[in-house]
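Q: So the sequence lines, in the order shown, correspond to chains X and V. Read in the numbering used here, the first sequence has 125 at position 106, and its numbers run on one by one without any break. Read in the numbering used here, the second sequence has 792 at position 28, and its numbers run on one by one without any break.
Since the hints were derived computationally from the structure, they do not count as laboratory data. C-beta: ideal position from N, C-alpha, C; glycine also. Errors might be hidden in some of the hints.
Reference excerpt, derived from the structure (chain X facing chain V, CB under 7 angstroms, subset only) [unchecked claim]:
1) Ala240
2) Glu242
3) Thr244
4) Gly245
5) Gly252
6) Ala255
What follows is each chain in one-letter form.
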Amino acid sequence: MKRMIALVAAVVMAAVFAAPAGAQDNSDVYVLHGIPGVTVDVYVNGDLTLEDFEPMDVAGPLSLPAGNYDIQIFAADADPAADDAVIDVSPAVPGGESVSVIAHLAEDGTPTLSAFVNDLSALDAGEGRVSIRHTAAAPAVDIVAGGAAVDGLTNIANGSEGVVVLPADDYPTGIAAAGTTDVLFDAPVTAAAGQNTIVYAVGDLAGGSFGLMAQVLDAEAGEPTGVPAGNSGLLAEDGSSTNVVLVGGLLAAAALALGVPALRVARTRG
Amino acid sequence: MPNTPLRSVRWARTLVLVACLLVLAACGSGDESTGAVSPAPTTTVTEATTTTVAPTTTAVDETPLRPPVPDVPRSDGRFSSVLGEDRPAVPVSVRIGNLEIDAPVVPVGVEPDGLMEIPGASEVGWYRFGSTAGEAGSTVLAAHVDFNGREGVFFELRDLEVGAIVEVELDDETTRRYEVIDSTTYLKEVLPLDDVFRRSGDEVLTLITCGGAFDSVERSYEDNVVVLAVPID
Chain X
20 MKRMIALVAA VVMAAVFAAP AGAQDNSDVY VLHGIPGVTV DVYVNGDLTL EDFEPMDVAG
80 PLSLPAGNYD IQIFAADADP AADDAVIDVS PAVPGGESVS VIAHLAEDGT PTLSAFVNDL
140 SALDAGEGRV SIRHTAAAPA VDIVAGGAAV DGLTNIANGS EGVVVLPADD YPTGIAAAGT
200 TDVLFDAPVT AAAGQNTIVY AVGDLAGGSF GLMAQVLDAE AGEPTGVPAG NSGLLAEDGS
260 STNVVLVGGL LAAAALALGV PALRVARTRG
Chain V
765 MPNTPLRSVR WARTLVLVAC LLVLAACGSG DESTGAVSPA PTTTVTEATT TTVAPTTTAV
825 DETPLRPPVP DVPRSDGRFS SVLGEDRPAV PVSVRIGNLE IDAPVVPVGV EPDGLMEIPG
885 ASEVGWYRFG STAGEAGSTV LAAHVDFNGR EGVFFELRDL EVGAIVEVEL DDETTRRYEV
945 IDSTTYLKEV LPLDDVFRRS GDEVLTLITC GGAFDSVERS YEDNVVVLAV PID
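Turn these sequences into a full structure, and let the hints steer you where they fit.
A: This is how it looks when you write it as structure tokens:
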């Protein structure tokens, strides 16, 4: 009978994993280690998920259904049955999102954990999104450029973020205490087209362990609205004539998407 | 049922296995009233299944050992590692022997109105917000068919045939070779921009210019000529 139960359990498990309940997709979950100096083991719902996880490392993505997850973080050599967890929390993971969970220091220096949803929504062509996340033992900060605070990146407190969309480019910027413009730490920001560039301030500003982590995730990139590549009408004088594809356009689009030479049906010229 | 004997046996085995699992799952018994399935294979498969399951049962009975650690990909999340990565090589020139084209390539973006930037008559624009040669997705090179009364670099692009070779020289002094697999003319209204500028999927080199009827009032052509080429190295 035990065999039967085990088998039934296996079948049920298989069914559960093959077809997650509900319409909501899983989330892509990244785990970041932003506490300097401590190698840790990360347990998710009681299972050892990341062993010997080093500071400044990123793990993932893990594909997880929506729900609350028990996350316990122990020093790497600790015994989870006997020792206390450094961090023991149950953050909620939403469905269908990109989520970054970071172990970090709170403003007062105690270890904590924050979960951020990564904004990967549509961007116009040539635009990049930048997220600045304050996960360091330090008071609220402003991001400053050219002697002034950057709109949308001010008064960012520990455990929160500022998000801006900028023309893709490099922006020499710095971190200053909120309300001031004295740069305490350089935070060069690159807005990469079609991506969310995420910068984490980690460690302890006063204690000298301050540093930056980063993630660059693909967002929904916009594309140009057209390709205007001629303005003189020389083609007509050249006597050429080109047939216009209408119906075939769809097939050719498929060929373009798949790189399939066999769909050359839509080709208008040999 | 398939008429190949061997295949039939395999099918029967699969069915039996599935039926077995279903029956076991439903009522926890080895009842063999599964219709068309013959008893003999059922027994065989049940035994095989039982053997496989046995160790699991044992493991459940005993104190569980440390569960296996899932293989989660890890990477260095230091800012300098993530953002200091060497940027990929970008196109600096393009050669198309069949058309006697050998032209410099310059990085371009988008105009304020959202259209792709196109350089002057003698240069080719590489869409710098998309993929570069050697990366997944579409590397887009666009050039004028004509510009301010002069023939542009891609004046004859519409004549480029399938099988022609296109060479893209990169700023790391390497050259990537492509072979043309398709040439299509689209009304601009139906140009599949999502595909032309796609940033993932198989690598393709996309050469674009204008073509078709010329609107002398708008000073604009009605079509885009799109040539696709795939890497051959």
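Q: If a hint holds in the structure, say so; if it doesn't, say that too.
A: Evaluated hints:
1. Nearest Cβ of chain V to the Cβ of Ala240 (chain X): about 6 angstroms, under the 7 angstroms cut. The hint holds.
2. Hint status for Glu242 (chain X): holds, given a least beta-carbon distance of 4 angstroms to chain V, under 7 angstroms.
3. The interface hint given for Thr244 (chain X) is met, as the beta carbon of that residue sits about 4 angstroms from the closest beta carbon of chain V, less than 7 angstroms.
4. Evaluation of the Gly245 (chain X) hint against chain V yields a held restraint, the C-beta minimum of about 5 angstroms falling below 7 angstroms.
5. Annotation: interface hint on Gly252 (chain X) holds; nearest CB of chain V at approximately 4 angstroms, less than 7 angstroms.
6. Taking 7 angstroms as the C-beta cut-off, the interface hint given for Ala255 (chain X) holds, the closest approach to chain V being about 5 angstroms.
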